[in-house]
Each structure stands twice: as structure tokens, then as C-alpha cells.
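With these hints in hand, go ahead and build the complete structure from the sequences.
Residue numbers (numbering that gives the first Met the number 0), protein chains in the order written: chain R, 0 to 73; chain L, 0 to 254.
Incorrect hints may appear among the rest.
[Stated by the list, open to error] What follows is a set of in silico ranges between Cβ atoms, one per label pair, in the way DEER data are often shown:
hint, chain 1, residue 1, chain 2, residue 2, range
1, R, 37, L, 162, 31 to 39 Å
2, R, 54, L, 116, 31 to 39 Å
3, R, 54, L, 4, 39 to 47 Å
4, L, 133, R, 52, 15 to 23 Å
For the record, the hints were derived by calculation from the structure and aren't laboratory data. Treat the numbers as computed from the prediction; the structure is a model and nothing was measured. Just so it is clear, CB atoms sit at the ideal spot from N, CA and C, and this is done for glycine as well.
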Amino acid sequence: MAQSAAPAAASSAIPAVAPISLKEIAPWALFVGILMLVLLYFVGAEQGATSLISGENVHEWVHDGRHLLGFPCH
Amino acid sequence: MNSISVRALLVRGMLAGLAAGVLALVVAYLLGEPHVDSAIAFEEAHSPHDHGDGGEDPVSRTMQSTAGLATGILVYGVALGGIASLVFCVALGRIGRFGPRATAALVSLGALLAVYVVPFLKYPANPPSVGDPDSIGKRTALYFLMIALSVLLAVGAVILGKRLAPRLGNWNATVAAGAAFVVAVGLAYAFLPSVNELPDDFPAALLWKFRLSALAIQLLLWTGFGLVFGHFAERLLAPRAGVQDGKARTAAPAG
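Put into C-alpha cells, the structure is as follows:
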């Protein structure tokens with residue numbers, strides 16, 4: 000966005016990149032995106048504010064990572 | 000551009016996230032862990048607190064600071080790498096005349112700011128013994144709310160910049176959208192409740208160093224991701240003319 004349009008010069012130096020259609024991205028974004036968010040949940044919040052698995056093993060195992068990655072821990 | 004390239008970019012994003020995670024892990028182990036240990040020493044000296052169950056810790060400190068830390072940071076790197084590569088797929092060719100490498104760098108910078116730095120300035124990372132265990136629910140909710148808000152505002156700012164660009168020109172539109180983002184974030188900071196649960200006489204220098212090391216981990220993670228993923232994406236999407244010709248020539252006889 001910061002580069003001003005200098006059509007002739009710019010087009011030879013940086014060829015315009017065709018956007019990937021959103022329809023192509025949507026299924027990946029939906030399934031893999033949600034899977035990734037679930038992974039982040041287990042690293043960042045499981046057995047802290049909410050627990051899907053009972054006990055404290057997940058919390059204790061990722062304890063240091065949680066503190067150092069900035070998630071509220073205990 | 001077919002869905003093969005989305006899949007290819009996603010795989011490369013997760014691999015780049017893993018590589019960046021390794022870099023962040025080294026920094027976390029060398030810079031961060033000494034402060035975590037000091038904070039735990041403070042905790043044990045001041046309030047013998049045992050996570051409420053009274054028993055011995057299920058995971059030893061050695062495991063927490065090595066394998067546990069590695070699990071946390073590498074999974075974080077892979078997950079955010081995957082998400083960032085999906086954002087890259089959307090951003091490519093839509094945020095201006097940038098090639099794959101520059102787009103990857105901008106997406107990484109944007110992610111560092113929106114996912115980490117902006118929430119961090121309101122709800123910074125805390126070492127062990129800072130924070131009341133009873134308020135974990137409230138603190139977690141506020142932190143994730145701040146991340147969600149910051150990401151939505153950043154996406155909004157990019158869309159605003161795109162809309163303004165034809166009228167104001169690219170530079171002024173970018174500045175205007177950036178200013179709008181800063182004002183909106185400032186309002187969020189002002190209206191969301193603050194959290195201050197620092198124990199009395201917790202060493203200020205330790206808190207500062209812990210937070211700096213937390214920031215360094217993210218800086219390394221996103222710099223590493225931007226550079227590695229940008230390299231992969233450039234090779235995948237913009238192969239040099241010579242390479243392309245070579246591929247075309249070898250592919251021609253087969254197909």
C-alpha cells in the first residue's frame with residue numbers, strides 16, 4: 000500500500016500477484032484454522048480458566064511456555 | 000492459482016512456524032527461564048503455594064523448563080504459522096503491489112503487533128507468583144478479549160486503508176488507517192479494566208526482565224516466521240524465469 004503506482008517501471012520490477020480467490024481459501028481456513036485455534040487453546044488456557052480434561056497435567060506441562068508466551072497462568 | 004497452492008502455503012506456513020518456534024525456544028530457554036526460576040524462588044520464599052492440591056508437583060521443574068517449554072512454544076509456533084499462512088493467502092495481491100516475500104514480512108509484522116504487542120501493552124506477560132489464582136478466569140477472558148479486539152481492529156484498519164487509498168493515495172491512506180487503529184486501541188485500553196495483582200515487594204527488575212524476555216521471544220518468533228515463510232512463499236509463487244523454464248522443459252516430455 001505504501002508503494003505509489005508507477006505503472007511501467009513497477010510492473011517490470013514487481014509483477015502483480017494475482018490474489019487467491021476467497022472460495023479456494025475458505026475450506027482450509029475453516030478446518031485448519033479451527034484446528035490451529037484448538038491447539039492454541041490447549042497451550043494457552045486448558046486447565047487454567049476452563050478445563051476439558053480433569054487434573055493439572057496439561058497445565059503443569061506447558062506451565063513455563065504459558066508464562067513466557069504471555070498467557071495468564073495461575 | 001488453485002487450491003493446491005493454498006495447501007502448499009499452509010504446509011510451508013506450519014513448517015516455517017516450527018522453525019521460528021525453534022528459534023523462539025532457544026531465546027525462551029536462555030533468556031526467559033532464568034527469570035521464571037527466580038520468580039518461582041520468590042514465590043516459594045514468600046508464600047509456600049502449591050497450586051491448591053497440597054501434593055507434590057506432577058511435573059518436575061526440569062521437565063517444565065525443557066520438554067514442557069518446548070511443547071508449548073513449538074505447538075504455538077506451528078499453530079500461529081498455520082493461521083498466518085492463511086492470512087497470507089488472503090493478503091497476497093490484495094494489500095497493494097507487494098510480492099510474496101514482502102507480503103509475508105508485512106503479515107508477520109501485523110501479526111506480531113495485533114496478536115501480541117497490542118494486548119501485551121494492556122495485559123503484559125506475568126512471571127509465576129504475579130497474579131491471584133482466584134482471578135484466573137477474569138484475567139484469561141480479558142486477555143483473549145483484548146487479542147480478539149486487537150485482531151478485529153487491525154483487519155478493520157487494513158480494509159479502511161484499502162477503501163481510502165483511491166481518494167487519499169496509498170501513503171496517506173496507510174497513515175490514516177494506522178491512526179484510526181491507534182485511536183481505537185487507545186479507547187479499548189481506556190475502557191477495559193486494568194489488572195494489577197503484583198505481590199508486595201516483588202522485585203521490579205525481575206518483572207521488567209521477565210517481560211522483556213517475553214517480548215524478545217515473540218519478536219524472534221515473528222521475525223523468524225516472516226523471513227522463513229517469505230522465502231518459501233517466494234520460491235513457490237514467484238519462481239525465477241530460468242527455474243520456470245527449466246521446469247517447463249523437464250515437464251514437457253512427460254505430459
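We went through each hint and held it up to the structure:
no.: 1; hint: R:37 <-> L:162: 31 to 39 Å; result: 34 Å, holds
no.: 2; hint: R:54 <-> L:116: 31 to 39 Å; result: 34 Å, holds
no.: 3; hint: R:54 <-> L:4: 39 to 47 Å; result: 42 Å, holds
no.: 4; hint: L:133 <-> R:52: 15 to 23 Å; result: 21 Å, holds
In summary, this structure violates none of the numbered hints.
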